[in-house]
Amino acid sequence: DQQVKQNSPSLSVQEGRISILNCDYTNSMFDYFLWYKKYPAEGPTFLISISSIKDKNEDGRFTVFLNKSAKHLSLHIVPSQPGDSAVYFCAASGSDYKLSFGAGTTVTVRA
Amino acid sequence: NAGVTQTPKFQVLKTGQSMTLQCAQDMNHNSMYWYRQDPGMGLRLIYYSASEGTTDKGEVPNGYNVSRLNKREFSLRLESAAPSQTSVYFCASSLGSSYNEQFFGPGTRLTVL
Chain A
1 DQQVKQNSPS LSVQEGRISI LNCDYTNSMF DYFLWYKKYP AEGPTFLISI
51 SSIKDKNEDG RFTVFLNKSA KHLSLHIVPS QPGDSAVYFC AASGSDYKLS
101 FGAGTTVTVR A
Chain B
112 NAGVTQTPKF QVLKTGQSMT LQCAQDMNHN SMYWYRQDPG MGLRLIYYSA
162 SEGTTDKGEV PNGYNVSRLN KREFSLRLES AAPSQTSVYF CASSLGSSYN
212 EQFFGPGTRL TVL
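Which chain is which? The protein sequence lines are A and B, in order. For the first sequence, position 15 (counting from the first letter as 1) is numbered 15 according to our numbering, and the numbering increases by one without interruption. So our numbering is basically just the index in the second sequence, starting at one, shifted up by 111.
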């Protein structure tokens, strides 16, 4: 039973516009949430994270929002650039060091 | 500083053959992990090692064994490969405390015929 869900397998956005990626989770014990970015034939790389005591974390063009009551988080990329074309994974963890990953969303940034 | 390294990058096995995937990290991390990635399923945890000397099962451990050789190295063994084990395998490491990200290796693409 997948505890972290990314319901949109793909997203296409025009260069310069905003990309919004969504993620839902079911386990109320999760207290730390991460986004990873993955290019083909490479390992995932850490992008941004947020702990459950916050509702927003920003790092340059990337902002993650957390809505604990809805068990929902989102990643905003503004403005989107061609180099942002990749697969984005949402992940969550509790106190046991283990990450549960969503299935990923493939983002394509159009010129 | 190489981060997390994995060998081999590619491997083709016949059903029933065995092999060991190697992983090493040079970041002095305490915890190490093995994942597999399959289309449409994200990354699933096979085994992990919270600290040197300990290993635990993850979500999909059947058909695999692991060895935490020392703090740096964590290997994954397939004793009798099956076509269902065709996948991309990623090793990762982390400091091992709460609120920490995992750092991933480049992956091993394994095909079992």
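Please note that the accuracy of each hint is not assured.
To be verified - Using C-beta positions, here's what the derived DEER-type ranges look like:
#, chain 1, residue 1, chain 2, residue 2, range
1, B, Y210, A, E15, 21 to 27 Å
2, A, E15, B, P172, 23 to 29 Å
3, B, P119, A, N57, 46 to 52 Å
4, B, S129, A, G60, 42 to 48 Å
5, B, D137, A, N27, 31 to 37 Å
It should be emphasised that the hints constitute simulated quantities derived from the structure, not laboratory data. Even for Gly, the Cβ is constructed at its ideal location relative to N, Cα and C.
Evaluated hints:
1. B/Y210 - A/E15: 21 to 27 Å: violated (34 Å)
2. A/E15 - B/P172: 23 to 29 Å: violated (43 Å)
3. B/P119 - A/N57: 46 to 52 Å: violated (37 Å)
4. B/S129 - A/G60: 42 to 48 Å: With a Cβ separation near 46 Å, B/S129 and A/G60 satisfy 42 to 48 Å, so the hint holds.
5. B/D137 - A/N27: 31 to 37 Å: Given about 33 Å between the Cβ atoms, the range holds.
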